[in-house]
Every structure is written in structure tokens, then in C-alpha cells.
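Chemist: The lines below spell out each chain.
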Amino acid sequence: MNTVITRILSVVLLTILVASGAHAADEIRFATQAIPHYAPLFVAKNNKWIDEELAKIGAKPALKWTSFLAGPPINESFAAGQQDIGFLGDTPAIIGKSAGINTRIIALTSSGPKSLAVVVPANSSIKSPKDLKGKKVAVTKGSYAHHLLVLVLKQGGLTSKDVEVINLPNADIATAIQSGNIDAGAVWEPQITKLEASGAARVLADGTGIKKGALVIIATNEFVTKHRDQLKAFLKAYQRGAEFIRSNPKEAAKLIEKDVSLSADLLLKVFKKFDYDPAIQADDIAELKKSEEFMKENAIIKSHVNIDTFVDQSLTREAGIK
Amino acid sequence: MPPEKLSMANDTNSRLQKFQHLLQYFGLTVVLIGIWQGLYHLGFLNPILLPAPSQIALAFWDLFKSGDLMRHIGISVLRVLEGFGIAAVLGLVLGTAIGLSRTLDRWTDLIIQVVKPIPPIAWIPLAILWFGIGEQSKVYIIFLGAFFPIIINTIDGIRQTDHKFVEVARILAVPRFKFVRQVVLPGALPAIMTGLRVGLMVAWMCVVAAELIAAGSGIGYLIMDARQLSQSDVVIVGMITIGIIGKLMDSLIKRLEIRLIRWKVAFSGN
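So the protein sequences, as listed, match chains G and X. Mapped onto the numbering used here, the consecutive letters of the first sequence carry residue numbers 1 to 322. Mapped onto the numbering used here, the consecutive letters of the second sequence carry residue numbers 323 to 592.
Watch out, some of these pointers could steer you wrong.
What the hints assert, rightly or not - Now the stretches of chain X that chain G is said to cover, found in silico as 3 or more residues with beta-carbon under 8 Å:
#1 348-358
#2 368-374
#3 436-445
As the list claims (entries may be wrong) - Simulated restraints, written as ranges between beta carbons of each label pair:
#4 G/G157 with X/T351: 46 to 52 Å
#5 G/R7 with X/L350: 22 to 28 Å
#6 G/N248 with X/S376: 54 to 60 Å
Unchecked claim - Within a straight-line C-alpha distance of at most 25 Å, the following computed PhoX-like cross-link-like pairs (lysine-lysine) qualify:
#7 G/K258 with G/K114
#8 G/K161 with X/K387
#9 G/K296 with X/K387
#10 G/K290 with G/K302
#11 G/K302 with X/K569
Just so you know, these hints were derived from the structure itself, not from any lab. C-beta: ideal position from N, C-alpha, C; glycine also.
Construct the entire structure; sequences and hints are all you get.
Modeler: Written out as C-alpha cells, the structure reads:
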């Protein structure tokens, strides 16, 4: 009887230890999404530049990659202590921080006002944002496209209470638009290009003039403290990826076709929508503050996030990225 | 001991016993919640992974005050009643028919046995394709959950009809319809009630699965929405609400069951 209890207790203890998501020495766990917004990451990964830059500082951690469908699931994974570096929109990053996840923004992945948009079926009668009144609009709640939707509605003098908001993942919104189940959807690339290419939908309004569409790289505070040099090496590799896309877009497109599930020729078009510079500028910080205010006003976050302390520009500066 | 003192002693004893029972009934819950809150104040808890009872109570109060909680509950209950209603009608009718006819049973047994184990969640992709993302697909998922317990228990209940009654009915040449209405169905009632009770419970449990389909309201939606926004306290409020409403529904149907089959207890008593 005693041995049985001891065995059960040790299994329970082991499970708790394993489940606590302890960070093993010498590994970096990346949380990514398979979208063209993070193209430099995939370029750097496929060209092995991340390993190169890490080797330059004498580090050889194992690189673990997990792909998610959107920001909110990445937040969950960070909350469970399972990730070190994450790639997500500004909106879910702020939501995560507000909920108490111990992270900071260390760089931008990209920005692109045209990379997110409210789309409608090609033959829709909706011509301007005010026509959305009373319609069924789908969006991934808590994503940066959610913010865009509210801004677009505001342009038409509406609020989210004036439309029927339906929560759907990005790819399902595209399907729902094609099958005519919804009247409009707020989506991000590659869905916009895919829908336009197939003739199923057109853009009603994108972020031009209202949302810069910045996405961010976050890292846990613990990782920043323990492995500052590895982070800087990674950022250098990311920068190389961004430069490669600028100088050799055709090659880059071919290289990362599979990573973002978009054919090279469509990807070339999409590249034009993005600015892949990872440096955080003053107007980016202003944008982030606007996003945070929006979320607090709309009860998407419950407690304030101090953007000035959330954003850490020191790492990009020290890595020589301006 | 004088009789008055004895009865007073008995009263005190039974009151003490009632108090003891009350303590036992709620004691464990109260102690666990106390420990939980204590761990939070001592800093052992990560509020995203497990919010404190005080945070959950606050979230519950906010949702209740704004009327949102009652609205979501109402919508989910409506969906469950719709799905359960359809399942009850179809399940009772088909179950009775299959129970009474061996031939029909042989025709339908394979399909029922194969489809029964498929969990309602697995039906979601087809449900969306067939019914779209509106109310119908959600009601369909709930219907599926409730249907099989009801039909299976109805069939069983009818099969259970005591052989002796069948013999006597044959000897007395009782017309089939009268026999079914006055002997078979009442005899099957306990099993049918069990089926309905289980069906209602499963229907309620399917609410979260059903509301995964692009819902804009409902308790299941509340949970999924809170998940997207990393609001674990609201998630737990949703879970507890589901539990409480489920318990209330079960108690209601248990009362109905006792009323309907009271005759059976009385009859066996004689």
C-alpha cells in the first residue's frame, strides 16, 4: 500500500514538474505563424542564418519551432511557459501582456497597412463602411484585424454593436466569404491575395491611413535576462532575412513558398505590401499606444499596459539595427 | 428520563445532525476555495493559469450586473431546448417503432450502432457545410448529442416489457394498440425517463461544442471568446455556470420523473 502511494505521488510530482514548462538550457523555442508577415524569419531559417549568427557568439542552442494559426493561441502557449520568442500582431501582444504574460516587445517583424483588410464578396452590394450596418461580419477576435474592423466601422459612423460580429479563424473567414455565409470579413495575408486572385472577394477597406499593421517579436523577460546575446544574434539574422527580401525578392519568394503556403508569384506581389524593417520607430510606439487605448476602451483588455515599458528598443539598437 | 426532556433531547440531536450534514455537504468546497484563495495571496498562483476565487467572483459579478451572463444563458438554454425537443420527438417515435417491430430493428440496428459512437464534435465540419454557420448547425449538434440516449433507452424500455404480460395479452386477445398504450408504454416509462434525462444532460454538455461554430452569443461562445482574450477568470465563470445550470436542469427533470412514475412505486408496493 505504501509503495503504491509513493509511486502515485512521484508520478504526480513528475507530471507537475514536466508540465511547469521549465526552460531547458541550450534551446530556443519559437512560436510562429505561417504567414508572409514573418517572411524574413523563414528566409533566415531556410538559409541557416540564425544558426550562423548564433555560432558567431559561440552558442549552439537547439531551435524548436511551433506554428500557430493566430496570436491568441500563441498567448496561451506563452502563458503555459512553453515559448521563448513569439511572432504575433500588436493586438494579441498587448492582450497577452495585459493578462499578465511576462514578455516584452523586442522588435517589429514587419508593418504593412495593406496586409490586413476588410473584404466583401466580389458581387456584394456593400460599397463603403457604412453599408456594413446590420450585416454579418467575421473576424478573429483579439487579433490585429479585429482592431482594423472597429476602425473601419468607425469610418462609417458605426460601432461593433451595429453589426453581427462572428468569431472565426482567418482561413475559415475566407471559406465563409466564398460560400456566401457572411457579408464581410476582416482578414490578413495570405487570405486577401488568395481571395482576390480567385475572384471571390474584393477589399472594402484596408489599413491605409488608419492602421499601420505592425506585427511584433516578443520574448519572455526571463529569456531577455538570461540570453541577451542570443537574442541580439537572432535579430541580426532576422535583419539579414529582411535585406535579402529587399535585394533578391524573386529568390526569397521561391525559398519560402512552402513556409507561408503561397505560390512564389503571388508571394512576390504580397512582398510589395510589407516593410520588413525590424527597428521600432517613434511612430510605431505611437501606433501601439493607440491600439492599447482602443482595447481598453472596448473592454478587450481589463488593465492598462504601459507601452513605454512594454517595448524594449535596446536590443535592436545594440544589434546595430536602426 | 421524563418524556418532555426526551423529546427535547431528540430535537437537539436531530438539529445537530442536520447541522453536521450541512457542514459535510459544503465543507469540502469551502475549504478548497479557502486554500485556493490563500495560495493566490501567497503568490503561488499564476493568474492566467489559475485565477483566484476572488477574481472569478468579480468577473461573475461584472457579467451578471451587465446582464450579459443572463443573456448568454438564455440563448444557450434555448438552443439546448430546441435540439433536445427535436431529439425527444424523433427518439421517442423511432424508438417505439423499432422497439415494437423486430423487422424494423434488424433494418436499423447497424446504422444506429455505427453512428452512435461518433461524438457530436466530429460532426461539426459537416454540420457547417450542410446548415451553414447559423442557429441550425448548432441545434443540429445538440440534437445529435441528445438523440442516441433517448432512442436507445426507449427501445430498451419497450423490450423490457414483462413476458408474462405479453402472454396474458395474447391469451385474452387484447387488441395490439390497446396493449401497447396501456401495458407496454407505461412499463417502458422508467427507461424512457432515464433516456430523456441522460439526453438532456448530454445536450447541455454539447452546448460548448455547438457554439464552437461561429457563435456570437451563448455560454460556450463566452468561454471561447474569453480564451481568445486570455481571460481565464471569465472562462472559469462560464464553466461554473454550465455546471450549475446543468445541475438545475437535472433536478427539474428528476422531479418530473418521480411524478410520472409514482404509480409504479405505488403499484409494486401493493
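Chemist: Each hint needs a verdict: does it hold in this structure or not?
Modeler: Here is how each hint holds up against the structure:
no.: 1; hint: 348-358; in the structure: violated (count 0)
no.: 2; hint: 368-374; in the structure: holds (count 4)
no.: 3; hint: 436-445; in the structure: violated (count 0)
no.: 4; hint: G/G157 with X/T351: 46 to 52 Å; in the structure: holds (50 Å)
no.: 5; hint: G/R7 with X/L350: 22 to 28 Å; in the structure: holds (26 Å)
no.: 6; hint: G/N248 with X/S376: 54 to 60 Å; in the structure: holds (57 Å)
no.: 7; hint: G/K258 with G/K114; in the structure: holds (22 Å)
no.: 8; hint: G/K161 with X/K387; in the structure: holds (19 Å)
no.: 9; hint: G/K296 with X/K387; in the structure: holds (19 Å)
no.: 10; hint: G/K290 with G/K302; in the structure: holds (16 Å)
no.: 11; hint: G/K302 with X/K569; in the structure: violated (31 Å)
Checked against the numbered hints given earlier, the structure breaks hints 1, 3, 11 and satisfies all the rest.
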